[in-house]
Amino acid sequence: MENKKIKVALVGNPNCGKTSLFNALTGLNQKVANFPGVTVDKKTGYCKLSDAKGNTIDAEIIDLPGTYSLYPKSMDEHVTFQLLCDPRNPLHPDVTLVIADASNLKRSLFLCSQIIDLKTPVVLALNMMDLVVKKGLEINIPMLEKKLGIKVIPINAREKIGIDELKKAISGDLTAPRADFINIRSFAPEVVDLIQKTIHVNSDYVAFQIANNYELIPFFNQNPQKKEVIKSFLDEHKFNSSSLQATETLERYKILAEKVIKDVVIQKDIQQKKQFTSKLDRLLTHKVFGYVFFLLILFLIFQAVFAWSTLPMEWVQKGFQKLSEVTQNALPPGFVNDLLVNGIFAGLSGIVVFIPQIAILFTFIAILEDTGYMARVSFIMDKLLRKFGLNGKSIIPLVSGVACAVPAIMSTRTIQSWKERTITILVTPLMSCSARIPVYTLLISMVVPNRYVLYSINLQGLVLMALYLIGFLTALFAAFLLSLVLKAKERGYYIMEMPVYRMPRWSNIGITIIEKVKIFLFDAGKVIIAISIVLWFLASFGPGDRFKNIEHKYSKTEFTKNLTSQEIKRHIQSEKIAASYAGSFGRLIEPVIKPLGFDWKIGIALITSFAAREAFVGTMATIYSVGEEDSHESIKEKMMADINPQTLKPTYTVAVGYSLMIFYAFAMQCMSTLAVVYRETKSWKIPVFQFAYMGVLAYIASFVIYHIFK
4 MENKKIKVAL
14 VGNPNCGKTS
24 LFNALTGLNQ
34 KVANFPGVTV
44 DKKTGYCKLS
54 DAKGNTIDAE
64 IIDLPGTYSL
74 YPKSMDEHVT
84 FQLLCDPRNP
94 LHPDVTLVIA
104 DASNLKRSLF
114 LCSQIIDLKT
124 PVVLALNMMD
134 LVVKKGLEIN
144 IPMLEKKLGI
154 KVIPINAREK
164 IGIDELKKAI
174 SGDLTAPRAD
184 FINIRSFAPE
194 VVDLIQKTIH
204 VNSDYVAFQI
214 ANNYELIPFF
224 NQNPQKKEVI
234 KSFLDEHKFN
244 SSSLQATETL
254 ERYKILAEKV
264 IKDVVIQKDI
274 QQKKQFTSKL
284 DRLLTHKVFG
294 YVFFLLILFL
304 IFQAVFAWST
314 LPMEWVQKGF
324 QKLSEVTQNA
334 LPPGFVNDLL
344 VNGIFAGLSG
354 IVVFIPQIAI
364 LFTFIAILED
374 TGYMARVSFI
384 MDKLLRKFGL
394 NGKSIIPLVS
404 GVACAVPAIM
414 STRTIQSWKE
424 RTITILVTPL
434 MSCSARIPVY
444 TLLISMVVPN
454 RYVLYSINLQ
464 GLVLMALYLI
474 GFLTALFAAF
484 LLSLVLKAKE
494 RGYYIMEMPV
504 YRMPRWSNIG
514 ITIIEKVKIF
524 LFDAGKVIIA
534 ISIVLWFLAS
544 FGPGDRFKNI
554 EHKYSKTEFT
564 KNLTSQEIKR
574 HIQSEKIAAS
584 YAGSFGRLIE
594 PVIKPLGFDW
604 KIGIALITSF
614 AAREAFVGTM
624 ATIYSVGEED
634 SHESIKEKMM
644 ADINPQTLKP
654 TYTVAVGYSL
664 MIFYAFAMQC
674 MSTLAVVYRE
684 TKSWKIPVFQ
694 FAYMGVLAYI
704 ASFVIYHIFK
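In terms of my numbering, the sequence shown opens at residue 4 and continues consecutively.
Rather than coming from a laboratory, the hints here were simulated on the basis of the structure.
The model shown is predicted, which means the values in this text are computed figures rather than measured ones.
For every residue, glycine included, the Cβ atom is placed at its ideal position computed from N, Cα and C.
Warning: the hint list may mix true and false statements.
[What the hints assert, rightly or not] Label pairs and their calculated CB-CB ranges:
{"id": "1", "residue 1": "Trp421", "residue 2": "Asp97", "range": "34 to 40 Å"}
{"id": "2", "residue 1": "Leu484", "residue 2": "Phe292", "range": "28 to 34 Å"}
{"id": "3", "residue 1": "Phe483", "residue 2": "Asp97", "range": "46 to 52 Å"}
{"id": "4", "residue 1": "Thr330", "residue 2": "Arg389", "range": "54 to 60 Å"}
[As the list claims (entries may be wrong)] Taking lysine-lysine and the DSSO-like style, the derived pairs with C-alpha atoms no more than 30 Å apart in a straight line are:
{"id": "5", "residue 1": "Lys171", "residue 2": "Lys109"}
{"id": "6", "residue 1": "Lys641", "residue 2": "Lys321"}
{"id": "7", "residue 1": "Lys572", "residue 2": "Lys597"}
My request is simple: use the sequences and hints to build the entire structure.
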């Protein structure tokens, strides 16, 4: 017998604990895609439920974007509206699971009461019950169930308290609420009747919602005649959407205050003490000390990224060296041996070795988000960002850009102003993402001494932090210039609910780290392996008889009489790479990048980096490994030993190292980011302009830095 399958929509206000509940219900059984037809993230998970008879139910949990009401203002909220208000939507849920912040019940119940009026099975999860107790409050759960006409389950998602009871409620015999929370028909009876006849919905409130946002319903786009009928009818009856929404909102809040909250919430201690959150916010959101504290946190994070990752990075590096030795000795010399050791393993090791640093960075970001501090960062940055033509909501994409620019740019959908959203999209890639970390850390370890200043401050960590700050400050400056060029009449606004401070939920952080590292490793890994194989081939073979001529050249004693056998091998290897297909291409672009201090090898890495910035490390590892019989040295050691044939000095000087860092800090070397910018803006003009201005900025800045340190 096939298991019963149901779709469960998880809905709630921002910062209500929705992510914690989603993780508690699904664990690692999650996947992220896009909702059909849009670029909004579709996060789904799966869990097993059992009904009263013991039958297994396969539940698909759909985590919808956070929203305060069913009146959509952004692309994220459009998706929530379409799934809940359009019965024809293939993802329309069988059960809607509303999660509410129990410590702020009136605000949370507004959305819940709207969903109740949609006449679909609803379960209310009252989260953060521990905070209710701390505030000196008590909630009468049976009375709340009676008032709302739905099942109410108290939970603590972070501690996984009440999750089993919630699963039983979801899998139970649920029916749609019978009574309307408010009489919406009285607002516009003719319009409600027409919508119900046209699209066949059984709820007055669904009909009312569709009348307000019929352009978002795919049914009407596929039936333009009916869409025109609806539009004409609304115009004829002078249907004022904004006025009716305001009227409904006031009436709904009035009913919640007078008929629900008043009888359900009992306040035990009227003269309650000021909460810990309020006291801490005096410091963390202070107009001066708030910024100081944020910079201090960043300083500690980047110090930890270098200090804590050293040992595990050495383990990974030694592991790949051992794997290369075993493979090299186990297989006979030849094509396959060389491809595996000097192609695939060399390229892949250049990425895997940086996983400890990636994991540490993501751990700190996850802790800051889970404790509620990241919301404070958004708050204190609001006034600052407005001076540069951005909205307070822009800080979320900018901060997210530290992880990856792709989801960061997609998160700009919450910014209502076209101008502020476009500027945010254009400057977000200037934030140093995780793909730059392998490049930064490799170059920093080569040109910055691993020593401490003032006895405890790691100099390498200080330089890494400086690169991140340079990216942020440049993003602000670019935003200011763009705000002078782009013109728009609408004005954006910023509303964010401040969550209380909490101890981090370590299971959530663990899931986040595993998810982020998997994305970094497998998505980047596939690209790196492909590039490594192609690059190994291009660097191992050359046009015509070039390789034979080089071997013939070093068979003559006049070229080898003063060289050891090992030096002869290195000369042959070096000249073969220069004469290879890859070397020929690198030589072609070398005149363009030479003013920046870059040679043809770096030029090849710059090109491959467009597939993924972290490909720089894999590319250099492959180039410096091709033709080597002994691959025991790390990529860092090989690059530091490289000598410029013209100057007879090390290729990677301090000037070249800093020049490369600045180039990677500014250049738009990410095809995925350009693709998502096009998808979000529906125009090639913006990604082309973005690529051009960031490329010019990177070239000029790199040129200046190189000649300053030279």
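We went through each hint and held it up to the structure:
1. Between tryptophan 421 and aspartate 97 the Cβ separation comes to about 37 Å, which falls inside the hinted range of 34 to 40 Å.
2. About 30 Å separates the C-beta atoms of leucine 484 and phenylalanine 292, a value consistent with the hinted range of 28 to 34 Å.
3. Between phenylalanine 483 and aspartate 97 the Cβ separation comes to about 49 Å, which falls inside the hinted range of 46 to 52 Å.
4. A beta carbon spacing of about 57 Å between threonine 330 and arginine 389 agrees with the range 54 to 60 Å that was offered as a hint.
5. Pair hint lysine 171 plus lysine 109 holds up; C-alpha atoms about 26 Å apart against a cutoff of 30 Å.
6. Using a Cα cut-off of 30 Å, the hinted pair lysine 641 and lysine 321 holds, with the two alpha carbons roughly 15 Å apart.
7. Restraint check for lysine 572 and lysine 597: the C-alpha separation of about 27 Å stays at or below 30 Å, so the hint holds.
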